[in-house]
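Please construct the entire structure, taking both the sequences and the accompanying hints into account.
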Amino acid sequence: MIDFEMSEDMKGMRDMINQVAEGTMRPISRQYDEEEHTDPVDWQKMMWDVSKGTSVFGGGPQDKKERSGNGSSKPSERNVGATVTIEELSWGDAGLYLSIPNPGLGGAAVSAAGTPDQKKRFLERFGSGEPKWAAMAITEPGFGSDSAAVATTAVRDGDHWVLNGTKIFCTSGHRALEKSEGFVVVWATVDKSAGRAGIKAFVVDHGTPGVTVTKVEDKLGIRCSDTAAIVLEDARIPLDNVLGDPEVKGPDKKGFKGAMATFDATRPAVAASAIGIGRAAVDFVRDELAKAGVEIHYDRPVMKQSALERDFMEMEANLQAARLLTWRAAWMMDRGMQNNLEASMCKSKAGLAVTQVTQKAVEILGPLGYSRKILLEKWMRDAKINDIFEGTQQINLLIVARRILDYSSKELN
Amino acid sequence: MIDFEMSEDMKGMRDMINQVAEGTMRPISRQYDEEEHTDPVDWQKMMWDVSKGTSVFGGGPQDKKERSGNGSSKPSERNVGATVTIEELSWGDAGLYLSIPNPGLGGAAVSAAGTPDQKKRFLERFGSGEPKWAAMAITEPGFGSDSAAVATTAVRDGDHWVLNGTKIFCTSGHRALEKSEGFVVVWATVDKSAGRAGIKAFVVDHGTPGVTVTKVEDKLGIRCSDTAAIVLEDARIPLDNVLGDPEVKGPDKKGFKGAMATFDATRPAVAASAIGIGRAAVDFVRDELAKAGVEIHYDRPVMKQSALERDFMEMEANLQAARLLTWRAAWMMDRGMQNNLEASMCKSKAGLAVTQVTQKAVEILGPLGYSRKILLEKWMRDAKINDIFEGTQQINLLIVARRILDYSSKELN
Amino acid sequence: MISFEPNEDQRMMRDTVASFAINQVRPIARDADESCQIPDSIVQQAWELGLIQSAIPEEHGGYGGDRSAVTSALVCEELGYGDLSIALHVLAPRLVTYPVLELGSDEQKNEVLPAYCGDSFVAGTAALMEPAMGFDVNQLSVTASRQNGDYVLDGAKCYVPLGPDARHTVVYAAEDGETKAFLVGSDTPGLAVVEREKIMGIKGLATYELKLDNCKIPASARLEGDVKPIFNRSRIALASLAVGVARAAFEYARDYAKDRHAFGVPIAQKQAIAFMLAEMAIEIDATRLLAWEAAWKLDRGEDATRESCLAKNYAADMVLKVTDNAVQVLGGHGYIRDHMVELWLRNGRGFATFEGLALA
Amino acid sequence: MISFEPNEDQRMMRDTVASFAINQVRPIARDADESCQIPDSIVQQAWELGLIQSAIPEEHGGYGGDRSAVTSALVCEELGYGDLSIALHVLAPRLVTYPVLELGSDEQKNEVLPAYCGDSFVAGTAALMEPAMGFDVNQLSVTASRQNGDYVLDGAKCYVPLGPDARHTVVYAAEDGETKAFLVGSDTPGLAVVEREKIMGIKGLATYELKLDNCKIPASARLEGDVKPIFNRSRIALASLAVGVARAAFEYARDYAKDRHAFGVPIAQKQAIAFMLAEMAIEIDATRLLAWEAAWKLDRGEDATRESCLAKNYAADMVLKVTDNAVQVLGGHGYIRDHMVELWLRNGRGFATFEGLALA
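Residue numbers (my numbering), protein chains in the order written: chain V, 15 to 427; chain L, 15 to 427; chain Z, 153 to 512; chain S, 153 to 512.
Just so you know, not all the hints are guaranteed correct.
In silico DSBU-like cross-links for lysine-lysine, where the CA-CA straight-line distance does not exceed 35 Å [stated by the list, open to error]:
| id | chain 1 | residue 1 | chain 2 | residue 2 |
| --- | --- | --- | --- | --- |
| 1 | S | LYS422 | V | LYS229 |
| 2 | Z | LYS332 | Z | LYS350 |
| 3 | Z | LYS410 | V | LYS424 |
| 4 | Z | LYS422 | V | LYS424 |
| 5 | L | LYS25 | S | LYS380 |
| 6 | Z | LYS332 | L | LYS318 |
| 7 | S | LYS473 | L | LYS424 |
| 8 | L | LYS206 | S | LYS422 |
| 9 | V | LYS25 | V | LYS59 |
| 10 | L | LYS424 | V | LYS424 |
| 11 | Z | LYS422 | L | LYS229 |
| 12 | Z | LYS350 | L | LYS229 |
| 13 | V | LYS206 | S | LYS422 |
| 14 | Z | LYS332 | Z | LYS363 |
| 15 | V | LYS318 | Z | LYS332 |
| 16 | L | LYS318 | S | LYS363 |
| 17 | L | LYS424 | Z | LYS473 |
| 18 | Z | LYS473 | V | LYS424 |
| 19 | S | LYS380 | V | LYS318 |
| 20 | S | LYS350 | S | LYS368 |
| 21 | S | LYS380 | L | LYS318 |
| 22 | V | LYS206 | S | LYS410 |
| 23 | S | LYS422 | L | LYS424 |
No lab work stands behind these hints, which were simulated from the structure alone.
In C-alpha cells form, the structure reads like this:
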C-alpha cells in the first residue's frame, strides 16, 4: 500500500536524533565552521559511545538472509531509516554529521566486497576502543568523475602489494589514517592495459609506512569534515588486503563493480544529508516569516501570491520532491530492488534542489541571511557539496540518462 | 560612443511600420491563423507594392563599397534597421510577416554567392510584376541540424544538373514554386564522398519539371507561413544555376560556406522577429495589468514584490536583454565585423526568452490567456518556432560554445 | 510504514486504464483535437470501465468500490497519458457525483447518484472557473444570495466541461463571501450557456461559458459542508493528469531521440539531449510522488491543502517544461502537427490555469 | 545612433583599470578574503589611478573629468573582475563624493570635495542598508527628525563599508517618510560603530554595523534634492561589478574545462559543460548590455529607475547562476579554497542583498 507514514520505531528514532541535533549539534555548529581543521572531540566521543558497533547511517542492499530471517514478515526499513537519521543529523549540522567516527564508505566497501576474514580484521575494531574512522580514496589529481582513469598503481611483490600514487578529496582520510586506528580503501590499478577490469580496491591500514596525508583541504563549507590528500609511496600492504578477486578478468562483482554498486546505497544517503540541510534552511525561513507576520496562503492562485510566498512554496515543494525521491530509492533497497536509476535520480534532484533552496533562503533573509551571525549562510555553503560529491549533478544526470535510454557508458558519456 | 538612441530615420521607419502592424496586420491576425493554408492576398499585394525592388528585411554583411561609398561618413544602419523593422512587423503578426512576398533566404543566398548574371536572372524579377517569393531548401527527412548530411543529389548531365531528393521545412517553398514565379535554392551533394565540400547550392526555378510540392505542413503556430515539403525527381536545371564554384575542392566561400555565412545575417533577423512577438505579449500584459490597477514598482526590493510584479519585470528584462544582444549582432554586421558568435548568442537568447515570455504571459492572463478570443495564445504558439528554426536553441548554443572555447565543429559537436 | 507500492486492486485498476489509454484513447487523440470533437464510442467505452460508478455505493446503484484519492491519482495519470481532452470528458460526471458523495444529504444522494449508474455515459459537470485574471476559488465573483428561502445565483463562469449536455451542474458561488457548492439542474431558468469556448488546448473537450442570470434554485440545492477537500482532490487529479501528459511527451521525445540521427549518432547520445531527457524523467517522478503524498493525506481525512496545492503548482510548472522540452527535442518536427508533442505542449500550458476541471 | 563602441577615453580608462585588476588586484584577492584585510598598498595604487579624483571638478581639486555612468560601468566591470572586496573598498570614497557632486550645495562641495583630491586615499562611506528582511530604500527605518533647526538621526544601519575609517558618512534616513541623504562627519556624537560585520562573502572589505542614537547634525548637513538618481547609479555600478565577477568565474571555468580531461577528452568537449559555458557567456553579455543601457539613460538625465532596477535584479540572478555553475564545472576542485570560484560564488550571492554599496 502506498504509504508515507513512518513506523513508530522510525519516528522515535527521528525525534531522538532531532533532540541531539538541536541540543548538541547546533550550539557548536558555528564554532567548528570557523575553527576549520579542529576536531569536535566531545561530539565525536559522544557519538562513538552511542553508535559504535552499529551503524546509524550504514544502509546498503539487504541480503536475503536479513530480509527473510528472524521469522518476522515485516519488511526491512533499514535504508529508509538511514535516510531519516541522516536527514536529522544534517539538519543539525552536515559538517558535524560527516565527522562522526564511523566505518563510512571504506567500511561499506569492506562490508559489500570483503571476505569474512577481512570483515573481521577491519570492521570489528569499530565495536570498541577509541573513536575510529574508515574512508574511501578514489579521486586523483588527474581525474574526477571518470573513475576508470585511476593512475595509482598496485604491484605485487611477494606477499605484499606495493602501492604508489596520489589520492585527493578523501573524506575523513586524515582521521582514518592519522587520527585514529582506521583504514582507507584505496582504488588502484594492477593492470593499466585492462582498463576498468584492472582496477582493484585495497585496504590500507593506519600506520602503513609510505602513506602520508599531505594536505587537509580548506573548503567552502562542511569545514568540520576532513577532506584529505594522501600520497602513497611504495606503501606495502598485505596480499590479502585486496577486496574481491585480485585476478584481472571478466565480471568482478566484488571489486570495481562492487565498489561502484555501493554508490547505489550511498547516493540516497548523500541526498538525505542534502535534504537535512535544506530543511534547516526552510524551517528557519518559515520561523522568520512567521515572526514577521508573513502568512503563506497555499491555496491562493499563483498570480495573487507575493514573490516571497511563491518562493517559499517552491522551496518547500522542491525539498519535499527530493525527499520523496530519496525515500523511494532507499525503500527499493530495503526491498532488494535494483535502484541504480532511482539512486541517481534522488541524488541529482536533492543536490540541485538544496543548492537552490539554501541560496534562495539567504536572499530572502536579506542582510541577515548574508551574515555569519546566523547559520543560514553556512548551510548554503554546506549544501553545495551535495551537488558535487558522490558524483556531481552532471554525473548523476548521465547515469539517469543511460538508464532511461538503455545506453551503456560507452554509448553515452 | 555607446548609444541606444535610434537615428531619426530609423524611428520614422519604425513608427510607420508600427502603424501598418496595428492597423493592417492585427485585424486579420486571427483569421489567417484559423484559416491555415489560405493566402492573405490583400496583405501580400500591399506589401509587394510597398517593398518590391527593395528589401525591408534584407540585411547581410555590408560590402566595402557600400560602407564607404556615396561620400557619406555616416556608418550604415542597414542591419540594425532591419532588426527594428522585423520586430515591428512581428509585433503585428509573425505569420503575416513571414508571408510577405520577398526574396527571403533564397534571395539572400543568390545575393551572397551568385554571379552578376545569376543576380540579374533571379533577383531582378522581384522589382516588378506580381508578388513573388524565393526560398531555401536545406532540411531533409533524414537530418535536421546536421546540414552536412545532405542526401539530395545533383548529377551533371551535359548542360544540366539533374537533382533528386526530398526537402522539408522549406519556408515559403509552396509560394516560391507554385504560387508565384519564384525559385528555391536547393542544397544538394555532387559528391557524397567529399562530405561538406561536395555540397552545393542550386537555384531551382518555379515550373521546373520534376519538382513537386508534396505537402504544406500543419503547424503549431505561424500558420500563415507556408512550410513546404518538396520532392525533386530527375529535376533538370541549367548548368549555371549552381551558386559558387561547381568543383569539389578546397575552400569554397561561395558555396556551402557562403550559404552557412548567411546564417550570421539571418539569425539576428530571426531573433528580431522573436522579440517582436515577445513585445506584443509584454505590451498586452502591461495594458491588462494597468486596466486591473496592478502597478509595477521597479524599485521595490524583490522580496516585497508580488509574484506578478516580479514575473512581469523578468519578462521585460529578458526581452530587453535579447533585443540588445540582437542589435549588437546586427550593428557588428553594419560595421563589417565578424559576428558569428554574437549572431548565435542573440538567436539563442531571443528564442528561449520569447518562448518563456509568451508562455508566462498566457499564465498571467489566466482563462483569458488560454482562450482564442485574444491573440496571446497565438503569440505563444508563434513564438516557439524561434527556438527551433534557423538553428535550434541547442545548435546555437553549440556554435556559441565552439567560439568561446575555440573548438572546431569536429572537436565539439 | 513508508511504501511506494500500490496495492493489488490499485495495480489492476491502473493496468486496465493504462491499456485503454494506450490502445483506445491515444490513437484518436489527434483527431479529437483537430476536429474539436470526441467520439461517443470512446466515451461509452470509458464508461464501461466503471470509473464513475465504481465509487458510488451499491445502495445508490454503483459498485461500492473505494474512493481513494491515491487510486484516483493512478487512474488520472494513465488517462492523462492517453489524452487530456478525453480524460476530462470521461471523468466529467465525477464533477457531480464526487461532491454529492462527499457533501450531499441522503436526499441529494438519492436524487442524483442513480442517474450516474446506468449503462450509458451521462454527462455531469461543474462550474468553478471565472473569466478573470487571478481567478481565486476563495473569492468567487459569482454570488449566491438568499431570496425568500431560495438561492439566486448571478455571474459568469467559464471552462465548464460539456456544459449544455450535463444533467447536473455543480455551481460554485460565494455565499456571504464563502465558497459553497450548489447543485443546479440543466434546465434551470437563468442558467444559460453562452457559447463553446475556443481555446488553445484541450480542444477535443467541449467547454462552455455559462451565464447565471437571476438563476433561482431551492435552498435544498446547496451542498452542505466544506468545499476545500473537493478542491484539493481536484488539484491532485489535475497534478496526476499533468504527470500523465508529461510522461507521454517524455516517452515520445525519448523514443524519437534514440531513433533520430545527427552527426552520425542518435541525438540521444548527445549530452544536451540526454540530460534534457534525464531531467524530464526526474521531474515527472518527483511530481508523481508529490501527488501521491497529497492523495494519501487526503485519504486519511487530514487537511491536504498545503500538499495538494504544492503538488498542483509543481505539476503545472513541470508539465509545461517537459512538454516544451519534448517539442525542443523533436526540433522542426516538434512544431508540426504530424507529431503529438505540440498538442501536449498546448494542453500542458493549460494546467496553470485549470482549477476544478477534474475530479477522480 | 545605436552603437556598442566605447569612445576613445572610455577605452583607455577601461584598459588601464583592467590591467590594474589583472596584475595587481587579482593576485591578492584570495589573501584579502582569508585574512579579512586589504593591504593599504593596493588601495593607494588604486587611488593613484584617479578613479575618485577624476570626476571632481578642478575647482575642488579634482581632474575635472567626465562623470558618465557608462564610463563607470566599464570601470566597475574591470574592478569586479579583479576582486569585489577590493573594488568596493577603493570605490568607497565615491559614496561621499558622488552624492555631494550631484546634490550638494556649493558650500557642501567646497567643504567636502577637496578632502578627496589629495595624494593619498581618504575613506568615505555611506550608510544605506538596514538589518531587516525586505529592506527597502524607499521605506527606511532610520529616521531624521527636525529638532530646533537641527536634524536628529536614529536607528541602525548595516553593511557600511570602512565604517570608522571614513572621513564622512552619507547617512540615508527617512524624513517624513521620504528618503533623504545626510552628510555626517565621522566624529559626530551619536554615530557609533557597533562592530565589524562577519559575513559570508566580500570578507576583505571591512563593513560595519552603525548605530545612530540621537545623532544630532546641523540642518546644513542635508543634501538637497532627489536621491533616486543616486540609487540608480549605485544599481548600475553593482550590476557592472556583478558582470565583472561573473566574467572572472566564467573565464576561470572555461579555461579549467579546456584543461581538465575526463573520459579521454577535455571536459569542455562534453556538451553538458560546453552548453553551461555558452549560457554563462550569453548571460554575462546580456547583463552588461542592460547595465550599459541603464547607464546611458542616466547620463542623458532621464529617469533610469526602471532600467537600472531591471539591470541590477537581472545581474543579481545572473551572477549567482554563473558563479554557481563555475563551481559546478570545477566539481570537487570548485569546492576547495585553492581555486577562486568558491570565493566568487560567496561574493556573487551578495548582490541580491547589496544596495547602495557602490557608486562609480
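Now for the hints, and whether the structure bears them out:
no.: 1; hint: S/LYS422 <-> V/LYS229; verdict: holds, 31 Å
no.: 2; hint: Z/LYS332 <-> Z/LYS350; verdict: holds, 28 Å
no.: 3; hint: Z/LYS410 <-> V/LYS424; verdict: holds, 15 Å
no.: 4; hint: Z/LYS422 <-> V/LYS424; verdict: holds, 12 Å
no.: 5; hint: L/LYS25 <-> S/LYS380; verdict: holds, 29 Å
no.: 6; hint: Z/LYS332 <-> L/LYS318; verdict: holds, 33 Å
no.: 7; hint: S/LYS473 <-> L/LYS424; verdict: holds, 29 Å
no.: 8; hint: L/LYS206 <-> S/LYS422; verdict: holds, 29 Å
no.: 9; hint: V/LYS25 <-> V/LYS59; verdict: holds, 25 Å
no.: 10; hint: L/LYS424 <-> V/LYS424; verdict: holds, 19 Å
no.: 11; hint: Z/LYS422 <-> L/LYS229; verdict: holds, 31 Å
no.: 12; hint: Z/LYS350 <-> L/LYS229; verdict: holds, 27 Å
no.: 13; hint: V/LYS206 <-> S/LYS422; verdict: holds, 24 Å
no.: 14; hint: Z/LYS332 <-> Z/LYS363; verdict: holds, 18 Å
no.: 15; hint: V/LYS318 <-> Z/LYS332; verdict: holds, 21 Å
no.: 16; hint: L/LYS318 <-> S/LYS363; verdict: holds, 25 Å
no.: 17; hint: L/LYS424 <-> Z/LYS473; verdict: holds, 31 Å
no.: 18; hint: Z/LYS473 <-> V/LYS424; verdict: holds, 29 Å
no.: 19; hint: S/LYS380 <-> V/LYS318; verdict: holds, 29 Å
no.: 20; hint: S/LYS350 <-> S/LYS368; verdict: holds, 29 Å
no.: 21; hint: S/LYS380 <-> L/LYS318; verdict: holds, 18 Å
no.: 22; hint: V/LYS206 <-> S/LYS410; verdict: holds, 25 Å
no.: 23; hint: S/LYS422 <-> L/LYS424; verdict: holds, 12 Å
Violated hints: none; the structure is consistent with every hint.
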